Amino acid sequence: QQQVKQSPQSLIVQKGGISIINCAYENTAFDYFPWYQQFPGKGPALLIAIRPDVSEKKEGRFTISFNKSAKQFSLHIMDSQPGDSATYFCAAMRGNEKLTFGTGTRLTIIP
Amino acid sequence: DTAVSQTPKYLVTQMGNDKSIKCEQNLGHDTMYWYKQDSKKFLKIMFSYNNKELIINETVPNRFSPKSPDKAHLNLHINSLELGDSAVYFCASSAYTGSTEAFFGQGTRLTVV
Numbered sequence: 001q002q003q004v005k006q007s008p009q010s011l012i013v014q015k016g017g018i019s020i021i022n023c024a025y026e027n028t029a030f031d032y033f034p035w036y037q038q039f040p041g042k043g044p045a046l047l048i049a050i051r052p053d054v055s056e057k058k059e060g061r062f063t064i065s066f067n068k069s070a071k072q073f074s075l076h077i078m079d080s081q082p083g084d085s086a087t088y089f090c091a092a093m094r095g096n097e098k099l100t101f102g103t104g105t106r107l108t109i110i111p
Numbered sequence: 001d002t003a004v005s006q007t008p009k010y011l012v013t014q015m016g017n018d019k020s021i022k023c024e025q026n027l028g029h030d031t032m033y034w035y036k037q038d039s040k041k042f043l044k045i046m047f048s049y050n051n052k053e054l055i056i057n058e059t060v061p062n063r064f065s066p067k068s069p070d071k072a073h074l075n076l077h078i079n080s081l082e083l084g085d086s087a088v089y090f091c092a093s094s095a096y097t098g099s100t101e102a103f104f105g106q107g108t109r110l111t112v113v
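Here the protein sequences line up with chains A and B, keeping their order.
The first sequence maps to residues 1 to 111 in the numbering used here.
The second sequence maps to residues 1 to 113 in the numbering used here.
With the rest of the complex left out, here is chain A (with noise of 0.2 Å):
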């Protein structure tokens, strides 16, 4: 069962524009939530990440929008530009187990 669902699978944003990564979870008792970056040939990085007491976390051009109630959190990543182009997961994690993955998004930036 896929605790993490992840959409969209793929995304192509023009230069400059906003891209939006959407996540929902089923476990409430995830209480820390990544985002992880992974371009071509490389592992996956962490990007950002947030803990449910806040509702918006934001570092540089990426904000983490967390919705505790509808249980779905996003990535938004405004001024997008071609090196962003990678795929992105989010991620929940429970305590001091294990990450769960979300499916992924193929990001591509279009000039």
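Be a bit skeptical, because a hint or two may be false.
Below, computed lysine-lysine pairings styled on BS3-like, alpha-carbon distance capped at 30 Å [what the hints assert, rightly or not]: (1) Lys44/B <-> Lys67/B; (2) Lys44/B <-> Lys42/A; (3) Lys41/B <-> Lys42/A; (4) Lys9/B <-> Lys68/A; (5) Lys98/A <-> Lys58/A; (6) Lys68/A <-> Lys67/B; (7) Lys44/B <-> Lys68/A; (8) Lys44/B <-> Lys58/A; (9) Lys40/B <-> Lys5/A; (10) Lys67/B <-> Lys71/A; (11) Lys71/A <-> Lys41/B; (12) Lys67/B <-> Lys9/B; (13) Lys42/A <-> Lys52/B.
These stretches of chain A come out as covered by chain B in the derived footprint (C-beta under 8 Å, 3 or more residues) [what the hints assert, rightly or not]: (14) 23 to 33; (15) 45 to 52; (16) 99 to 106.
Computed spacing ranges between beta-carbons, pair by pair [stated by the list, open to error]: (17) Lys52/B <-> Thr108/A: 40 to 48 Å; (18) Gln9/A <-> Ser65/B: 31 to 39 Å; (19) Asn96/A <-> Gln14/B: 22 to 30 Å; (20) Ala70/A <-> Gly98/B: 22 to 30 Å; (21) His77/B <-> Ser55/A: 32 to 40 Å.
Read the hints as simulated data drawn from the structure, not as lab findings.
Quick caveat: nothing in here was measured; it's all calculated off a predicted structure.
Heads up, the beta-carbon is just placed ideally off N, CA and C, and yes, glycines get one too.
Add chain B to chain A, keeping to what the hints say.
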């Protein structure tokens, strides 16, 4: 300086063979992992070790045997390789079990023919 390094980067082998992938981390972390990423990019944890002890085994076939000689190394040995084992295998580490950031290696692309 490579934080989590795994070798080889590419591995092509015939069905039925036995192969190993090596992983080393120089971050001083206590916990190491093996993940499998399939052709659809889905990332699934296989094993987790903390200080050389197995913590998580996600119902992986027993043809897969991890070995941790010390906390800086976690190798993956695969017996009797099958076509379905073709995937990218990632090693990762974190400071401790439950640490909020995992550091991934560059992956080993295994192709079974």
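(message) Tell me if the straight-line CA distance from lysine 40/B to lysine 5/A falls inside 30 Å.
(response) holds (14 Å)
(request) For the pair supplied as a hint, lysine 44/B and lysine 58/A, confirm whether the alpha-carbon distance does not exceed 30 Å. (result) holds (28 Å)
(message) Hint check: lysine 71/A vs lysine 41/B, CA-CA at most 30 Å. Holds or violated?
(response) holds (24 Å)
(message) Against the 30 Å threshold, does the CA-CA distance of lysine 44/B and lysine 42/A hold or violate the hint?
(response) holds (16 Å)
(message) Between the segment 99 to 106 of chain A and chain B, are there enough contacts, at least three residues with CB-CB distance under 8 Å, for the coverage claim to hold?
(response) holds (count 5)
(message) Just to be careful, I want the Cα atoms of lysine 41/B and lysine 42/A compared with a cutoff of 30 Å; is the pair within it?
(response) Holds, at roughly 12 Å.
(request) Mind checking the hinted window 22 to 30 Å against the Cβ distance between alanine 70/A and glycine 98/B? (result) With Cβ atoms ~26 Å apart, the hint holds.
(message) Hinted pair, alpha-carbon criterion (30 Å max): lysine 98/A, lysine 58/A. Please report holds or violated.
(response) holds (25 Å)
(message) For a C-alpha distance cap of 30 Å, please report whether lysine 44/B and lysine 68/A respect it.
(response) holds (25 Å)
(message) At least three residues with a C-beta closer than 8 Å to a C-beta of chain B: is that true for the segment 23 to 33 of chain A?
(response) As far as the segment 23 to 33 of chain A goes, the hint is violated, because 1 residues have Cβ atoms under 8 Å from chain B.
(message) Would the hint linking lysine 9/B and lysine 68/A be met if the CA-CA limit is 30 Å?
(response) violated (40 Å)
(message) If I claimed the Cβ atoms of histidine 77/B and serine 55/A lie 32 to 40 Å apart, would that claim hold in this structure?
(response) violated (46 Å)
Against the hints set out earlier in the document, violations occur for numbers 4, 6, 10, 14, 19, 21.
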